[in-house]
Amino acid sequence: MTTAPAARRTPSAVGYRIGLTVVLALLALAPLVLPPFWQRFVTEILIWGLLAMSSDILIGYTGMVSFGHSAFFGLGMYGAAAALLTVKPPDLWLAGLYGLVGAGVVAAFVAYFATRLRDIYFAISTLVFSQIFYVIIFTWTEVTGGENGLTFSQPRLSLLGLGSDRFTPVTLHWFVLAVVTLSYLLIRRILQSPFGKVLESIRENEARTRAIGYHIERYKIVAVMLSGLCAGLAGVLYAIQNKFAAPDFVFFTVSGEVVIFNVMGGMGTLVGPFAGAAFFLLLREGLSRFLTEYYLIPLGMIFVAIVIFLPQGLLGFLRRRLNQ
Amino acid sequence: MAQIIIQTINGLVNGMVLAMVASGLTLIFGIMDIVNFAHGDLLMLGAFVGATVLTVTGNFWLALLAAAIVIAALGVLLQVTTLRPLIGRDPLTTILATFGVSLVLQKYALWQWGPSVRQISEPVPGHFTLFYLEYPWYRVATALLAGLIIGALWLFLKYGKYGIWIRATTQDRVMAQAMGIPVPLVHTAVFAIGSAMAAASGVLFGPFGGVTQTMGFDFTLRAFIVVVVGGMGNLGGSILASIFVSLLEAYAALVVSPAQAVIASFVVLVLTMLFRPTGLFVPTPK
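Sequence lines, in order, name chains X and U. Take 75 as the starting number for the first sequence in the working numbering and just add one per residue. Take 43 as the starting number for the second sequence in the working numbering and just add one per residue.
No lab work stands behind these hints, which were simulated from the structure alone. Wrong hints could be hidden among the right ones.
Stretches of chain X that chain U covers, calculated by requiring three or more beta carbons in the stretch to come under 8 Å of a beta carbon on chain U [to be verified]:
#, segment
1, 177 to 191
2, 370 to 377
What follows is a set of in silico ranges between Cβ atoms, one per label pair, in the way DEER data are often shown [unchecked claim]:
#, chain 1, residue 1, chain 2, residue 2, range
3, U, G130, X, K162, 57 to 65 Å
4, U, G251, X, Q266, 29 to 37 Å
5, U, P300, X, T242, 43 to 51 Å
Examples of chain U residues lying across from chain X (beta carbon under 10 Å, computed) [stated by the list, open to error]:
#, residue
6, F71
7, D75
8, T124
9, D132
10, P133
11, I137
12, A139
13, F141
14, Y150
15, M274
16, N276
17, V304
18, L316
No residue lacks a Cβ here, since even glycine has one placed at the ideal position from N, Cα and C.
Chain U extracted, bound-state conformation (with noise of 0.2 Å):
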């Protein structure tokens, strides 16, 4: 019973960073049609990026935030020289554009900062005890900022002047540019937006489990993984998706090995495309 509640916290903070990562994900192929193979390795760089301003500065919260600028920067860049070119293709293209971006990200980093793993220490200390483990504080304070960032998005995409712009592009990409909205404009924030979510969530993950230049590729297949099984393109859908999945991996640890957890969320993700292809959170299409 209380390995059940542990697991079920674990599976709350898990699924809360997945969902960050997710929402940039599908809020990049909402508006675009762009599956980003590269996300992961955004995100993995976003989290080199925070480890290095953490050991110069010693502020955890200014490396979070100079994380996700220079990951928004990197967003820009990439999406104006390789994507920009692809729009009006076959969204398959975009796939093959951004893993090709992603092996030179992910070599990028390992000729950067080497092959070992990054620590970044815990910003906030403390532990409580759950049972009989000292569970560190941090973590919960993780799912909630995580909570924050998401909420502050979809504020933003509900109210904002440019959150609006942005939904309307991603309905209809042509009666946008008609009513006077910069669409390829709209094209390059979102896709700085996506990368920045990705960045911040690498630099919240990091004291969990460190830092590699490997760690995209995991992160890129879990949210491909969540952002199917919610819906391709739903942002409410990917979130409960996400906490859906690292809820089942969860308990599904506790079963077999971490390892073969995964398979869990594998078997999700099939069953999903099989029968309810739209996604498992949102009504039935008619």
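Next comes chain X alone, as it looks inside the complex (with noise of 0.2 Å):
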């Protein structure tokens, strides 16, 4: 009996780990086979799907639902054109490196005032930083270039040590699915210590673990930074697949479509944000074509169905096994 559920964990970690591997290995030869359009939009997906987990630390495991992610990835592509633009030659690594921190400074003020409000008053605060963030943005045309945003060229692809390279389609795709794929595994790792199982004690009962003793505002900080800066990171890598920043990523649309996404996928799966940004860009390239603009009509109202009939989201019958 005491060695029941030892043994039972043990062949769906075996699982998780065949499964894993299966997918990347799918995702390291889609770009070979697939053609050009398809190429590109395999790396997108996973673009925003770096956005959208960056948001479920908060909504699936820490209970904070946050409707102001756009900041934090529109702060990463600013920081990554803020590199390109001003430093010569345009250096891959400084990129991220600026990117990260304009999104983690960002991070840091909200963090700050919005970690002390809970539930709907978090949603709302975060929406308004972000509108703010969005305002200094769209309007302070000197340095961020206003409604046209910036443009730059594509760093190369270096590797410490291995020279350099122009980006190709593919190689870029490897670039992204490489930051992606260690990104995901360290947040996985990060939620799996006693880090992560404090915050889901938050998302679960937030009064008891504060009677617990744990002083939950630090965690929530903590966790607010962390998600921000993976944002952040994905915002690097669009900007730098797109070659542009511009404040129509700051705005709250990009936020909503990351909310959107989570609540899909299956909100505290980590995987499933993937799975939902995989699930809503193809619904949209797919209705688009007939439906022009107007995809969100029927996009919105699957989206309300899923809200009300499938809330754990497309992947959460899978919740318990991807967290193993």
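Hey, can you piece these two chains together into the complex? The hints should help.
Here is the structure:
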């Protein structure tokens, strides 16, 4: 009897590893077989998935719905833009560093104020903070380019000591895949640590967690910082892929889509947001071919139906297995 | 000095319209714990319905009434189909559901009425001289009318039989049910009233800035700010907060561009949430 839980856990942990390996192998092979349009599409799914996963740290694990992830994402983009425009020659790793610093500063600011609030108040305050940054970026034309944003050239792919080369769609995809995979494994590890368990206990019962003696504000601040940095990383990748930074990506629409990805894919699974992003972007691609910009009418209805009838999301049934 | 007085009047007028939007939102929140993300989009749809009826009939007041009725009916439909199944779930899921609704409504408006700006002509003609400006009487009339509508709502809640039902349900849902009040019906009715208020404010606001399908989000955000600053679910507080925030934005617009003046109200919101999370205009809770 005592060995039963352990015995039961092992096969599914093996199953998880096999599943992860298969998915990663398919994703790595994808650009070699897909036509150029879909190559780019899969890379984009990975980037949006990374952004959505960053939000899952808050929504799924800590129980805080953020409607302001566009701010972190956008600052990551503008940070990368700053590095690529000011430093010659443009350096990939410096772009990443600047982007993370930009997103980190914003995340620290938001974390300090917003984590004192709970539930809907947290959601509204993150929304308002992201709009503050949007207004600043939109109106500060001399520095940010205002409505037009900034364009820059793509940095070269340089691996330390291995020389450098221009990005091709395939190497870009592999680079993104590597960054996303490492981020996923790192965040998964963090969330499985005692720290992550405290976050989950905040989600389940904040008052009790406080009563046990955890300083929950500190935990929440760290969670928001972690989430913001991860979202900033997604912004850096997006900036490198598309060679521009634009205020549209700091606007609320992006934050809203991030929440949609999470709800559709399954909150609290880390992998779910990727599935949600893929599902949403595929539906958008399919629907917008004959509905143009009205694709959001059926998509919005599907989203509401998922909120009502499938609150666990598409991958919710895998939640226990994915979190082992 | 002249500018300050002009901006004070502008702030008061905008504040009264905003108060009408916010009172619908706060009513809905107070009774159902629903943060209605689609509130601004109901306003936008109301403005479009009003503009359409106006072009057909040429009567502004008929347009106002028609918009309120149509959007109230839409509100009933939304409440019954999407929000009623969510009763008893985490309030956060209602934000998600109404957010989805707002996407649908916004794109529906784009599909039905197109991306161009619709103008609603002013029903009250005439201007009066205010320093160096010709100030339209319509703006003043709007503020008064908004005040009247809010006053009527207050009287209804205070003395009307169904108003008392609504307040009873706000205070204690279970006890109200036990006393024989049809609580689900009250929920639907309140959502309809809130939607009608939003639609009416959309039509009233129409002549100020024109009607576009993206105006909803702006109003949702402002109404959120005002409702939190005034204290969630507190009608009087949100009216005072509307006027306060609008005045502040109007004064800020003297110094910086109007686009940046919005930040003033964001800052008020953040400070309120940090230091008086129950609302600026309510007595300190014991």
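To see whether the hints hold, each was checked on the structure:
no. : hint                        : verdict
1   : 177 to 191                  : holds (count 3)
2   : 370 to 377                  : holds (count 6)
3   : G130/U x K162/X: 57 to 65 Å : 60 Å, holds
4   : G251/U x Q266/X: 29 to 37 Å : 52 Å, violated
5   : P300/U x T242/X: 43 to 51 Å : 46 Å, holds
6   : F71                         : 9 Å, holds
7   : D75                         : 9 Å, holds
8   : T124                        : 6 Å, holds
9   : D132                        : 8 Å, holds
10  : P133                        : 6 Å, holds
11  : I137                        : 6 Å, holds
12  : A139                        : 5 Å, holds
13  : F141                        : 6 Å, holds
14  : Y150                        : 6 Å, holds
15  : M274                        : 8 Å, holds
16  : N276                        : 15 Å, violated
17  : V304                        : 6 Å, holds
18  : L316                        : 6 Å, holds
When the structure is compared with the earlier hints, violations turn up for hints 4 and 16 and for no others.
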